[in-house]
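Number of protein chains: 6
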Amino acid sequence: DFLHGLQHDIKPAFGSSKEELDVFLCQGILTWGEPVSRVLTDSALVISQIKNSDQTSLITMLLEGPPGAGKTALAAKIAKGSDLPFMKLCTPENMIGYTEAAKCQVIKKIFDDAYKSPLSCIVMDDIERLLDYVPVGPRFSNLVLQAMLVLLKKNPPQGHKLLIIGTTSRKDVLRDFEMLPLFKTVAHVSAISTCDQLLTVLDSSEVFTDKELQEVHRKLDGRWLFIGIKTLLALIDMAKQMESGLRADKLMNLLEDLNAIGYNQVP
Amino acid sequence: DFLHGLQHDIKPAFGSSKEELDVFLCQGILTWGEPVSRVLTDSALVISQIKNSDQTSLITMLLEGPPGAGKTALAAKIAKGSDLPFMKLCTPENMIGYTEAAKCQVIKKIFDDAYKSPLSCIVMDDIERLLDYVPVGPRFSNLVLQAMLVLLKKNPPQGHKLLIIGTTSRKDVLRDFEMLPLFKTVAHVSAISTCDQLLTVLDSSEVFTDKELQEVHRKLDGRWLFIGIKTLLALIDMAKQMESGLRADKLMNLLEDLNAIGYNQVP
Amino acid sequence: DFLHGLQHDIKPAFGSSKEELDVFLCQGILTWGEPVSRVLTDSALVISQIKNSDQTSLITMLLEGPPGAGKTALAAKIAKGSDLPFMKLCTPENMIGYTEAAKCQVIKKIFDDAYKSPLSCIVMDDIERLLDYVPVGPRFSNLVLQAMLVLLKKNPPQGHKLLIIGTTSRKDVLRDFEMLPLFKTVAHVSAISTCDQLLTVLDSSEVFTDKELQEVHRKLDGRWLFIGIKTLLALIDMAKQMESGLRADKLMNLLEDLNAIGYNQVP
Amino acid sequence: DFLHGLQHDIKPAFGSSKEELDVFLCQGILTWGEPVSRVLTDSALVISQIKNSDQTSLITMLLEGPPGAGKTALAAKIAKGSDLPFMKLCTPENMIGYTEAAKCQVIKKIFDDAYKSPLSCIVMDDIERLLDYVPVGPRFSNLVLQAMLVLLKKNPPQGHKLLIIGTTSRKDVLRDFEMLPLFKTVAHVSAISTCDQLLTVLDSSEVFTDKELQEVHRKLDGRWLFIGIKTLLALIDMAKQMESGLRADKLMNLLEDLNAIGYNQVP
Amino acid sequence: DFLHGLQHDIKPAFGSSKEELDVFLCQGILTWGEPVSRVLTDSALVISQIKNSDQTSLITMLLEGPPGAGKTALAAKIAKGSDLPFMKLCTPENMIGYTEAAKCQVIKKIFDDAYKSPLSCIVMDDIERLLDYVPVGPRFSNLVLQAMLVLLKKNPPQGHKLLIIGTTSRKDVLRDFEMLPLFKTVAHVSAISTCDQLLTVLDSSEVFTDKELQEVHRKLDGRWLFIGIKTLLALIDMAKQMESGLRADKLMNLLEDLNAIGYNQVP
Amino acid sequence: DFLHGLQHDIKPAFGSSKEELDVFLCQGILTWGEPVSRVLTDSALVISQIKNSDQTSLITMLLEGPPGAGKTALAAKIAKGSDLPFMKLCTPENMIGYTEAAKCQVIKKIFDDAYKSPLSCIVMDDIERLLDYVPVGPRFSNLVLQAMLVLLKKNPPQGHKLLIIGTTSRKDVLRDFEMLPLFKTVAHVSAISTCDQLLTVLDSSEVFTDKELQEVHRKLDGRWLFIGIKTLLALIDMAKQMESGLRADKLMNLLEDLNAIGYNQVP
Ligand SMILES: Nc1ncnc2c1ncn2[C@@H]1O[C@H](COP(=O)(O)OP(=O)(O)OP(=O)(O)O)[C@@H](O)[C@H]1O
Ligand SMILES: Nc1ncnc2c1ncn2[C@@H]1O[C@H](COP(=O)(O)OP(=O)(O)OP(=O)(O)O)[C@@H](O)[C@H]1O
Ligand SMILES: Nc1ncnc2c1ncn2[C@@H]1O[C@H](COP(=O)(O)OP(=O)(O)OP(=O)(O)O)[C@@H](O)[C@H]1O
Ligand SMILES: Nc1ncnc2c1ncn2[C@@H]1O[C@H](COP(=O)(O)OP(=O)(O)OP(=O)(O)O)[C@@H](O)[C@H]1O
Ligand SMILES: Nc1ncnc2c1ncn2[C@@H]1O[C@H](COP(=O)(O)OP(=O)(O)OP(=O)(O)O)[C@@H](O)[C@H]1O
Ligand SMILES: Nc1ncnc2c1ncn2[C@@H]1O[C@H](COP(=O)(O)OP(=O)(O)OP(=O)(O)O)[C@@H](O)[C@H]1O
Ligand SMILES: [Mg+2]
Ligand SMILES: [Mg+2]
Ligand SMILES: [Mg+2]
Ligand SMILES: [Mg+2]
Ligand SMILES: [Mg+2]
Ligand SMILES: [Mg+2]
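Note that the protein sequences, when read in sequence, are chains A, B, C, D, E and F. Residue numbers for the first sequence, in my numbering: 159 to 425. Residue numbers for the second sequence, in my numbering: 159 to 425. Residue numbers for the third sequence, in my numbering: 159 to 425. Residue numbers for the fourth sequence, in my numbering: 159 to 425. Residue numbers for the fifth sequence, in my numbering: 159 to 425. Residue numbers for the sixth sequence, in my numbering: 159 to 425.
Only chain A is shown next, with the shape it has when bound in the complex (with noise of 0.2 Å):
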């Protein structure tokens, strides 16, 4: 296990990552409607509570929602902004091609090093992948598991405070797994899904035309629209590639081969 722990370079988790955060939140958050204020607002008085309270010495707070639809970028946001002297980030990213027993060791660490601060907060990262989670069987790691069962519940030495911030985009899955009651506040992250909220998103991307605005706006009425921001950034990117003129029509049916938009009902 040393020579393992060589080999896969486990950095000392020692020390706050705050620059870590800055990565998931380069393109911005943009407040394309009332569902992102919401959970804006539900996060602050969660730092509000970390912050103040001398009863509670544990907060837990799971952001969820579809694939793309800026959880992770919320959670980074929401952690920086809350300013707590510890910062902790635990994302998949950091443990690609780790054992199991690896896994665990270096979730232990970040929490080990959280606790030495008086006031910390962890991210975690897309759970279900901290989990090796597949649907198919399913499989995943139950030695990850119980380490987080447990962690999520045990509460840091006395005097310091822990608020922890999940994303994961199956609440279903959690709740399987009998981790979803351990979140004590549970915020919904949308998809767009008004014609409104996907006018304010095109709009501040500065791609499109007045004109080809007013076709979108045409082309989806009595339509629905389901796209996750981080997906319909991607789209807009890809539209750019286009002549001025014709982006407008190239996402349209970009978000038509996803199945973004149609016609009746939301599959």
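Simulated from the structure, these hints should not be mistaken for lab results. Zero decoy hints are in this set.
Copies of one chain are not kept apart here, so a pair can be met inside one copy or by any two copies together.
Straight-line C-alpha distance at most 27 Å; calculated DSS-like pairs for lysine-lysine:
hint: 1; residue 1: Lys398; residue 2: Lys238
hint: 2; residue 1: Lys329; residue 2: Lys408
hint: 3; residue 1: Lys312; residue 2: Lys235
hint: 4; residue 1: Lys209; residue 2: Lys408
hint: 5; residue 1: Lys267; residue 2: Lys311
hint: 6; residue 1: Lys312; residue 2: Lys329
hint: 7; residue 1: Lys311; residue 2: Lys329
hint: 8; residue 1: Lys311; residue 2: Lys238
hint: 9; residue 1: Lys388; residue 2: Lys235
hint: 10; residue 1: Lys312; residue 2: Lys388
Place chains B, C, D, E and F with the ligands on chain A using the hints.
The following block gives chains B, C, D, E and F with the ligands in isolation, referenced to the frame of chain A:
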């Protein structure tokens, strides 16, 4: 395995762990109703038996109830109240990321230490977690399970006596594992389920105005309630972040978000 | 594996384990009814056969019955009563946390030691536990199972004789494992199921007044009863913590809590 | 693996194991009826073929029948009777607690040794046990199975001949494993199923009086019988512990306990 | 693991693998119809985006289609055509017999190398094979899958851009694995399915006489056709072994043997 | 693994294995009917293609048919007949008791050696056994399977050509494993199924008198027949142990015992 031991820092389990138990009692035990006093009475009989009997050298008691109902705190309370000379806590919090084999060794060590004292008490907290149980599958550690099935039946050496207090929120799972009959006394730790019980807790929290308490009383009329004391204390602390006057409303909203109150039938 | 041996303290299994058997007999054997005497008679025939026959070098006997019915105590009693020169106890209590392979080695060592004596007896207590059996799955150690299936059939070396006494509360599981037919004699260890049997035990405990005994008698009228002697002795000891006069009542309550008495059909 | 070898004492498998076979023959072979003589005739043909043919270098024969029917004893008898220059016993009794890999090595060694002799015979006793087979699951060692599937088909080196005699009580399992067609001759070893066959055995045991034999005859009238010779010899030895005169009665009781006799249909 | 590395000769993955890609292109790309040109057009857009955009740093494209349709050759073609400075091939051909962990390390190394170049392209060929997928079970390497799920989402470091081109013939399996949505562009690589398309290929092969081509045309009338370009080229080569004149006949026979042509419905 | 290599004596796989192939041909190939000649014609085309084509560098052919139909012998015959400069046999007989990883290494070595020769042939005998396949479960070695799936598709290096001849009696299993389409030519090796075919074999064996041949002819009238040549040769050799005159009768009995002949439908 030697290396493994080093790495995981298996502390010598010898020595009583009374302070460890205090951690679970820092919020105190509030006698919010008859179910609480009943558990305390039942346990008094058990304590008296382990002290007085010269027939019985092993007594096992299980505290079972829904998540957050106060099982761990009550187990700690009973253990401390018993004032037996040797007291040991067996909790998943001390075994995060351990392999099945390492868990077994820790548990065995705790029992071996207890057997050395003439009169001991072991608290086995969160048995389903000690077993690495997850309902998906289900999966669990059979190595730890088998060790427990033997330890819960094995008499301490001649002239020694042992009280084991277990806690679980999955009584049904323990029955499937044929572990339930090994607990000779089973006490139910209830959730709070009447308006009176709730008001007792709210009142003693000194967070709400009298008007707010009356408001809660009125709003609960004709509705069921089902919430563990631990969760309730957390919600009260959240509500406390609001200005006085708005807190009762906030509390009701939080209860509703958690499906802790409702009309018709408890789900 | 060498290190493993050290760590798990595999004691040299040589040497007779008569004192170990005494542990299971410290509460004595109470002949509370015909089922007890029948087991003792049956076993006498087996003992006589192993001593006298020069045809048969391997005799296998199984004591099966519900949990707490007294299987282990009876097996110890029969083994000790046989007064064979070499006696060995094979119990899961000595293998807590062992790997499948380590268990196999211990069991094999016990048999190898027994084969060295001209006339030996091995008590295999709690076979389902030796097999790490759990009905969820089910899971069990096939390595140990296969070792047992061979050992229960293998003749000791020329001129040596061996008696194997097994105990189990899962006769059905042993049948599924095709182990049951390897026991040439199967004796049923019964639970206590009549009022007379119960009163015999209560009476000899010297815990209850005559009036209390009559009360029990009256209260049991028209109800079924089903309880193992081990559990019953534990309940009597609990009742004893009450003041004289209240004990019969307490006992009845405890029996009811355990579903050990009831109207209509035994469940 | 080297250490493993040491620890498990894998004896050099070279050298013929004729004495080992004698162990299984110490009670002799009693020709209690036609089924016994038929197996012996069939095997004579096989022996003659392996000795005479220069076309066929590998002959495989399976003895299959219910538990205790005498398969192992007959295989030993046939092997010894063949008087081939090299004879080897492959039995689970020599592999207790071995890992799958160790079992494979032992089996492979036995075949490699046999290939060195111009004319060899290997007895593979209790194939389902060699395969660690258990119907629960089912579970078995695929490593051993695959080794066997190859070895039962692989021709010995040029100019060498090999006879393999297997035994099993789970012909159906061997069929599922696609092993059955690899045995070119399959002989059925029967249980005793007629009164005449039974009386032949009882008579030759010299345990019963003539009157007792007549009593058995009368009592069996109109009932079916189904018992292996091994089990029957054990019952006779048990009955022998009774006084003369009571033995027929005892035997009938024992047969009934085992469900070896009955009215109507064989179950 | 160090030894393992040595033994498996994990070559340093650094350095571009342009020549490796040539291997898959030695038979060239024949534009046999519209489906081929469409894939090439779609990919041109993707290439332009990765080169021009400063919003998007990670672009993922999947080529999916039936076995032998030309996915690998097209991926190689597109990658080479892109002329990005760093190009890397991730193919199961370089990982034969690797353990899951070794595969993960190789894949991770390829990405780490790519992250070092400002503009890179990785071809992940035969994703279902990289995952050790087999529909029986199904079985697959979850370790590799989880690594891929993260790598397909993880942004390269600030100021670096990466294009990932995957190929698969099991789009459905990738959907089950929740991997499909991670590919922002999905292009279908078609089988040849019209007579015209077939004749284009046959013609350009210069194997058949004009008369033979007409014969093929006539024989295909009213029948469906479904065959990958790779398989078709192999059949043409087989037919070429026949004398000129007989080749069309042979080709038709081979197509029929493979069920590549038929009446009624494509199966 | 190094130790493992030593222990299992993995011979350097370099060097052609022409003599090894002879072993499977010692009984010769009897052309008992059209099915035999068809396989030989089909394979001639394949041999000519691998020698002449400069388009195709990898040719794969599968011989499939019931157990004992002569697949291995025909594969050896074809390989030897091809007279390619490098010839290698990949057979489970050389991998008895190997771990999955060791099997993979051996197979990979065989291919690596073949790639070194400009024109090679590999016989992969008994593919289901190489895969450790058993229908119970089913279980198989996915490591070996994945290696094969890649190797059956991977082109040899520029300027090298390779012919792979596989054999199997479980074509259906290979289809489930998605391995079947990787064999571009599939030839069926038939069982003997007409009286004429049988008589051809019997006649050439010179074991039966003319009268006996006529007897067989008469007895087969109106019955189906289904038997592999390998099994038939074994039965003839058995019958040969009888006196001349009785042999036809014996043969018919043996065929009946094996269910190789019957009225009505082939089962
Ligand atoms: N209102 C917003 N909320 C969240 N993200 C936003 C918003 N506006 C813009 N973004 C940008 O959208 C992207 C959201 O991507 P992000 O990775 O957070 O999504 P995700 O839900 O975590 O996706 P996944 O399900 O793949 O994990 C980020 O680049 C972020 O900067
Ligand atoms: N009557 C009471 N019984 C138990 N706990 C009480 C009571 N009154 C107040 N508390 C407080 O409530 C909390 C109960 O939390 P505890 O961890 O014991 O619950 P739990 O049932 O063990 O939860 P979990 O199911 O998550 O293990 C403790 O902080 C305890 O101090
Ligand atoms: N007639 C009796 N038969 C057996 N045990 C008796 C009898 N009378 C008193 N006892 C006492 O009852 C207890 C029986 O416990 P024992 O452990 O043998 O039960 P068990 O059936 O083995 O339980 P388990 O199913 O838990 O293994 C012992 O303490 C024994 O001394
Ligand atoms: N005709 C007979 N055939 C076989 N065994 C006989 C016969 N007559 C007497 N015996 C004796 O019966 C016993 C048969 O036992 P054996 O172990 O061979 O049975 P088995 O079928 O192999 O049992 P198992 O199914 O448990 O392996 C031996 O002791 C043998 O000496
Ligand atoms: N238009 C075309 N598209 C793709 N390949 C072509 C085309 N024209 C000719 N080819 C040739 O056809 C072959 C296609 O084989 P390739 O290995 O790419 O197929 P594949 O779909 O990856 O097969 P598999 O499903 O087995 O992985 C190559 O040799 C390629 O040179
Ligand atoms: N026409 C024939 N085709 C094949 N084998 C023949 C033929 N004529 C005679 N033989 C002989 O028949 C035997 C066929 O056995 P072989 O091992 O090849 O069968 P198989 O199909 O591979 O069996 P299995 O399914 O067990 O692997 C060989 O001994 C071979 O010499
Ligand atoms: Mg995310
Ligand atoms: Mg608790
Ligand atoms: Mg017992
Ligand atoms: Mg036997
Ligand atoms: Mg490909
Ligand atoms: Mg073959």
